[in-house]
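**Q** Spelled out from the first residue to the last, the chains are:
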Amino acid sequence: MEDLLKVRGLKTYFYTYEGVVKALEGINLDIYKGESLGLVGETGCGKSVTALSIMRLIQWPPGKIIDGEIHFNGKDLLKISEEEMRKIRGAEISMIFQEPMSSLNPVFTIGSQIMEAITLHQNVNKKEAEEKAIEMLNLVRMPDPEKVMNQYPHELSGGMQQRAMIAMALSCRPSLLIADEPTTALDVTVQAQILDVIQRVNKELDSSMLLITHDLGVVAQICDRVAVMYAGYIVEIGTVKQIFKNPQHPYTKGLMNAIPKIHVKTKRLEVIRGVVPNLITPPSGCRFHPRCDHAMDVCKKKVPPVTKVEEGHYVACFLHGGAK
Amino acid sequence: MKLRDYIIRRLILLIPILLGVTLLTFTVSHIIPADVARVFAGGEKANPETIARIRAEMHLDDPLYKQYYYYLNDLIHGNLGKSYSENRPVVDAIKQYFPATAELTVLAMLLAIPIGIITGIISAVRRNQWIDHVTRLIAITGVSIPIFWLALMLQIAFAYKYPILPLDSRLGIDVMAPKHITGLYIFDSLVTGNFAALKSSIYHLILPAFTLGYASLGIILRITRSSMLEIVRSDYIRTARAKGLKERTVIYKHALRNALIPTLTVSGLIFAGLLGGAVLTETIFNWPGMGRFAVNAVNNLDFSSVMGFTVIMAIIMVTANLIVDILYSVLDPRIRLGE
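From first to last, the protein sequence lines are chains A and B. Residue numbers for the first sequence follow the numbering used here, so the first one is 5 and each next one is one higher. Residue numbers for the second sequence follow the numbering used here, so the first one is 25 and each next one is one higher.
Worth double-checking, as some hints may not be accurate.
Some chain A residues near chain B, calculated using beta-carbon distances under 7 Å [said to hold, decoys possible]:
{"hint": "1", "residue": "Asn32"}
{"hint": "2", "residue": "Tyr36"}
{"hint": "3", "residue": "Met59"}
{"hint": "4", "residue": "Glu96"}
{"hint": "5", "residue": "Leu108"}
{"hint": "6", "residue": "Asn154"}
{"hint": "7", "residue": "Leu160"}
{"hint": "8", "residue": "Gly162"}
Dumping the calculated SDA-like pairs for lysine to any residue here, alpha-carbon to alpha-carbon at most 25 Å [as the list claims (entries may be wrong)]:
{"hint": "9", "chain 1": "A", "residue 1": "Lys68", "chain 2": "B", "residue 2": "Ala338"}
{"hint": "10", "chain 1": "A", "residue 1": "Lys37", "chain 2": "A", "residue 2": "Gly67"}
{"hint": "11", "chain 1": "A", "residue 1": "Lys130", "chain 2": "B", "residue 2": "Ile255"}
{"hint": "12", "chain 1": "A", "residue 1": "Lys91", "chain 2": "B", "residue 2": "Ser250"}
{"hint": "13", "chain 1": "B", "residue 1": "Lys270", "chain 2": "A", "residue 2": "Lys265"}
{"hint": "14", "chain 1": "A", "residue 1": "Lys91", "chain 2": "B", "residue 2": "Arg262"}
Hint data in this document are derived by calculation from the structure and do not stem from the laboratory. These numbers were taken from a predicted model, which means no experiment stands behind them. We put the beta carbon where it would ideally sit given N, CA and C, even for glycine.
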C-alpha cells in the first residue's frame, strides 16, 4: 500500500509554568492512501496533539514540535514555510473537531464559512463557490441546503452543525481528513448518522482519514487499522482485526476488557487500575509500567522497542522481546 | 419592522425611567433645608418682598406634590424651568453647554476607541512580547493616573514649558466664535468658513481631549485585549486556522468581530458618561461644558438646572444603551432584538 502520510519520531512538548509537558515522545505513524486509521487512547494521551502537530497548529507559546518528520506527498511538513503549510491546510489536509457548536464561528453564516474555504484554495468566483458549497451540503445530506447557507451556526442542531463542518472540511477534496472525536459531543442516534456521512463521503472523495476517538466501537465500525496511544507513545498498531482479536500490549488488552460484553454476565466492569500519568514527570522507561500487571524490572529502566507481532501488527512492549 | 418596534418599545420605557429619575431628584432637592428663595434674592439681607415674590414664582409655598405636578407639566411642554444662577431658561443653558461637552467627548472617543481597539488587538496577539508590555503600561497608567494630575501636567508641559498649545477655554481671546448653528465649534466654523475659529478651536481641544481620551483608552484597551486573548484560544479560531487562512484574516475577520462585543459595551457607557461632562477636566481646562454647569448648579442651589441636567443625562444614558444594544445585534447574529 502506498503511504500518504508518514510520521517519524514526532515530539511535541508544552512549556508551562508547572514544567515541560512531554505530550508526544516520538510518534511513528503511517497512513495509507484511501484507508482510515483509528487513533485511540484515554483522554490526555496525546491524540489531539498528534492531529494538531500534523496540521502544524500547535500554538507557541506554550506548545512546540521539537523533533520529528511528517512526510506528506513527498514533502516534510515540518520543513516547509508557513506559507506553503497554509496552502496544504484545508486543501490537502482538513480537520473536523469535537464540538461543532464552538468550532463554527458564531457571527458568520454557514454558507459564508464554507465558501471561504472554497474561495481560499480554489480559483472560483463567488457564484461557483456558492454552488460548490450547496453541492457539499447535499453530499453530507444536509436537509434544505439552500436555507442552511444563510443560517447561523446557533440556528442548527448539533448534528447539522457537524454536517456543516464536514462539508466545509471536505469542500476542497482533501487527500487526508483528520477527524478529532467528531461524534463525542453528539447524541447517540446522531453519532451513527454522522459516522455514516463521514465514512460515505470520504469513500466518495477517495480521501484517507485519521479518526481520533476513545470509542473502540466507532473504530471497529469504520476503521481499517488502529493505533493505540498511551501517554505520548503509540504502544500498538495493526489492522482492526489484529488489534481486536489478538491484542498484545497489556494496555490494549485492558482497553478491550473494559468494554462491557452483552453476552457475558459480570457484576463489575473491568477497569485498568491507576490513572493516566502526569506528563510533566512521566514514569521512567515504559510509561505504562506503574499500571501494568506484567511489569518487569526492565520496564522501569528502558523504553520498550517496537517489535513485529505479525505482518502489519506492531507492539511496543518488553513482553514481546527487546528485554535483553 | 421588528427592530422598529423594539426601538419604539425601548423609547416608551424612557417614560417610567424619567418619572423615577425626576421624582428622586425632585424630592432630594426639595427636602434639603435651604431657603432657595432667599439665596436667589441675594442672601441674608434680601428684601422680604423680593423673597416672597420669588417664593410665589417658584411655587415654593405649595405642597411638594403640587410642585412636582407643576414641574412635570412644564417638562412635558419642553420647559425645564428657569435657571436662577444663569438667569435664563435651563434649556438655553444646556443648548450652550452641551455642544461644548459633546465636541470634547466625540474627539476624546475618536482618539480612544480606534487606538484602544488596535493596541488591544496587537497586545493580545503579541502577548508577553515587548509591545504587549508597552501597551499594558499605557493601559494601566491610563486607568490609574488621576485625571486632574494628568491635565495639570499636560498644561505645564505644553502650555507653559513649551507653549505650543493654549492653556484653557474653547477659543483664543482674539478669535471670533463661529456663528451658532450646532454649537460644535469645529462644525460651525467649517460650515461658515471661519478658518481662524476652526484652527483655534482644534488647538484648544487637543489637551482636554487627550486627557479624557487617555483615561478611556486604557479601559477600552484592556477590555479588547482580554476578550481577544480569550477568543484567539477558542475552537472556531482553530477552525479558521485549520482552513488555511492567513493569520491576519484569522485575527481581523474571525476573532475581531467576536471580540468587539465587550468593547462596544464599555465604549457606549464611557461615551454616555462623558456626555454628562467631565467635571475635573472641564474645570481645569476652563471648558464651558455640562460638568461645570452641573457643579455650579448644585453649588448655587439652582434646582431647575440640576433637574434639567439629570433629565438630559437620563435620556442620554437610555439612548446610548439602546444604540449599544442595536449595534450588538449587528455584530452578533445570536442577539436578536424584539423577540
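**Q** Indicate, hint by hint, whether the structure satisfies it.
**A** Results of checking the hints against the structure:
no. : hint                : result
1   : Asn32               : violated (24 Å)
2   : Tyr36               : violated (23 Å)
3   : Met59               : holds (6 Å)
4   : Glu96               : violated (9 Å)
5   : Leu108              : holds (6 Å)
6   : Asn154              : violated (11 Å)
7   : Leu160              : violated (12 Å)
8   : Gly162              : violated (14 Å)
9   : A/Lys68 x B/Ala338  : violated (54 Å)
10  : A/Lys37 x A/Gly67   : violated (29 Å)
11  : A/Lys130 x B/Ile255 : violated (28 Å)
12  : A/Lys91 x B/Ser250  : violated (31 Å)
13  : B/Lys270 x A/Lys265 : violated (49 Å)
14  : A/Lys91 x B/Arg262  : holds (16 Å)
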